[in-house]
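Undergrad: Heads up: the protein sequence lines correspond to chains E and F, in order. If you read the first sequence in the working numbering, its first letter stands for residue 1, the second for the next number, and so on. If you read the second sequence in the working numbering, its first letter stands for residue 1, the second for the next number, and so on.
I should point out that these hints are in silico values taken from the structure, not numbers from a laboratory. Quick reminder that beta carbons are idealized off the backbone N, C-alpha and C, glycines included. Worth double-checking, as some hints may not be accurate.
Covered, in the sense of this in silico footprint (three residues per stretch, anywhere, with C-beta under 8 Å from a C-beta of chain F), are these stretches of chain E [stated by the list, open to error]: (1) 84–90; (2) 103–114.
Over 10 Å on every C-beta distance to chain F, these chain E residues come out as not near it, computed from the model [stated by the list, open to error]: (3) Asn24; (4) Ala68; (5) Phe70; (6) Thr77; (7) Ile93; (8) Glu98; (9) Arg99; (10) Val163; (11) Glu194; (12) Arg223; (13) Thr229; (14) Ser243; (15) Pro244; (16) Arg245; (17) Glu248; (18) Asp251.
If you only want the chain F side, here are some residues facing chain E, beta carbon under 7 Å, derived [as the list claims (entries may be wrong)]: (19) Asn149; (20) Arg152; (21) Asn153; (22) Gly155; (23) Gly158; (24) Tyr167; (25) Pro168; (26) Leu239.
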Amino acid sequence: MTEEKVKTPAAKAVKTKLRATGINKTFKRDGTETSVLENVELEVAQGEFLCLLGPSGCGKSTLLNICAGFLSPTTGTVTIDGEPVTGPDPRRIFVFQERGVFPWLTVEGNIAFGLAKLSKAEQAERIAHYIKMVGLQGFEKAYPQELSGGMKQRLEVARALAVNPDMLFLDEPFGALDSITRLIMRGELLRIWEAERKTIIFVTHDIEEAVQLADRVVVMSARPATIQTIVEIDIEHPRDISSPRYLELRDGIFNEIGLAHKI
Amino acid sequence: MSPWVRIRPALFILALLGIWHFAVVSQQNRILPTPWETVTGIIELMQRGLLIKYIVASLFRVTWGFVGAALLAIPLGLAVGWFRRTEMAFNPLIQILRPISPLAWIPISILWFGVGDVAAIYLIFLASFLPLMMTGINAVGGIPQVYINAGRNFGLSGARLVIRVLYPAVVPQLIIGLRITLGIAWLVVVAAEMIAVNSGLGFLIVDARNAGNRYDLVVAGMVMIGMIGLMLDTLMRSLEKSRALRWGYSED
Ligand SMILES: Nc1ncnc2c1ncn2[C@@H]1O[C@H](COP(=O)(O)OP(=O)(O)OP(=O)(O)O)[C@@H](O)[C@H]1O
Ligand SMILES: [Mg+2]
């Protein structure tokens, strides 16, 4: 892997938000050890939108969980704002691949979950705002089992955004959405990111999604995952997804993964 | 619903009662009561003031034994479950105690508490304790890790994590466990009362047989046991259906 200076298209050298050094992770099961991550080095700049891209089962969720403090690495350290990560923190919200909305709370109750410190009026205002943003109007009093899979995903994203974190860990947050809603949600996420410049690490196995969203795409190899390459997406938002540069970057990643872009 | 569908269950019950009736009257020397004689048996028990007295006695014992067990076993089970969430090996002590029928404890409970309410309550307590503790252990073990992680992510730990995440996550399973265990407790109280006390529906059944082979009263007692058991179960089921708890039962 090449050591490169963290860059975004906007600024040349910016403050490092997250730094992962020498990350190895092995899981023990039935006495055998499987190595999932090998010597992963990662730097994420303040306000950067980073995509982790890799085949299913390669260790993207594992890496994200380590960055967020839910798992500890076998060796290596993660620091955020210069401080070692020892556990989860409400300033950094994780949107779980396995759907972490609470089934015993309504849509409103879920969004309000992290807002206990706010006054009732402020809570109501935030709830209304984020329900509108993710298009769940009319479902305020519904329980998650009354929602579709995609609605649950949007609800969890709303719950994460409602606490105004300075960092988001999103683990395939739009995986269960239809292609139209997925496009809308990508647009919304970019809009929020451009307005509030949260640092976002976004896991996906969708190459198009990664190239549409990210400042940089971290391409991971199959298990045990190493960082195969990091591709900088130097296209201004809003991105024209039929522009030559877009197609060039996208096809570059297809080639990198070893897929000819033909069916 | 067509009228036919609606009256079918009633017809079915009528048919069963008819078979019961004719099976009994076709015997040479009749010992068992017909359905009607069972009804008159229930009426007789009511007139003698025994029925209500015995029902109250049985419910009293079940309540104390069951509630006592629930108050101790569920918190204990939740705690055990929480501290060994990651371990799959259960406490071997529980595994040895579990196959022992609570009725096997009858001699020992009479030895300790003598013939009386305490012995019967103790038996129900025993019968309820392990199932409820297992319910607690399994309920905690079954909480998806993602809920705990999400709770911690929003800054919860300790008591607040318990109140806002662990407790709501286990309640549906606890209620199912309570319902099943209440059924067991109701089975056990009848057996306990046959041996350990001089009142209650279980006592009514042995007493009616011993005092002059009053099989009409025996069957009357059985019918009452069935009806009250059904009532208890309906009560617990209505808890499961309450809106706040309903989420745990309908899978998406
Ligand atoms: N708790 C665990 N115990 C043992 N093995 C695990 C554990 N968690 C993950 N693994 C293994 O680590 C590997 C990577 O898992 P991970 O969930 O990180 O993959 P992923 O890249 O997120 O895949 P997907 O795109 O399908 O979500 C898998 O092979 C999985 O079997
Ligand atoms: Mg994953």
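Undergrad: Determine for every hint whether it applies to the structure shown.
TA: We went through each hint and held it up to the structure:
no.	hint	verdict
1	84–90	holds (count 4)
2	103–114	holds (count 5)
3	Asn24	22 Å, holds
4	Ala68	8 Å, violated
5	Phe70	5 Å, violated
6	Thr77	20 Å, holds
7	Ile93	6 Å, violated
8	Glu98	5 Å, violated
9	Arg99	7 Å, violated
10	Val163	7 Å, violated
11	Glu194	24 Å, holds
12	Arg223	21 Å, holds
13	Thr229	30 Å, holds
14	Ser243	38 Å, holds
15	Pro244	41 Å, holds
16	Arg245	37 Å, holds
17	Glu248	38 Å, holds
18	Asp251	36 Å, holds
19	Asn149	5 Å, holds
20	Arg152	5 Å, holds
21	Asn153	4 Å, holds
22	Gly155	4 Å, holds
23	Gly158	13 Å, violated
24	Tyr167	9 Å, violated
25	Pro168	4 Å, holds
26	Leu239	15 Å, violated
Taken one by one, the earlier hints fail for this structure at numbers 4, 5, 7, 8, 9, 10, 23, 24, 26, listed in ascending order.
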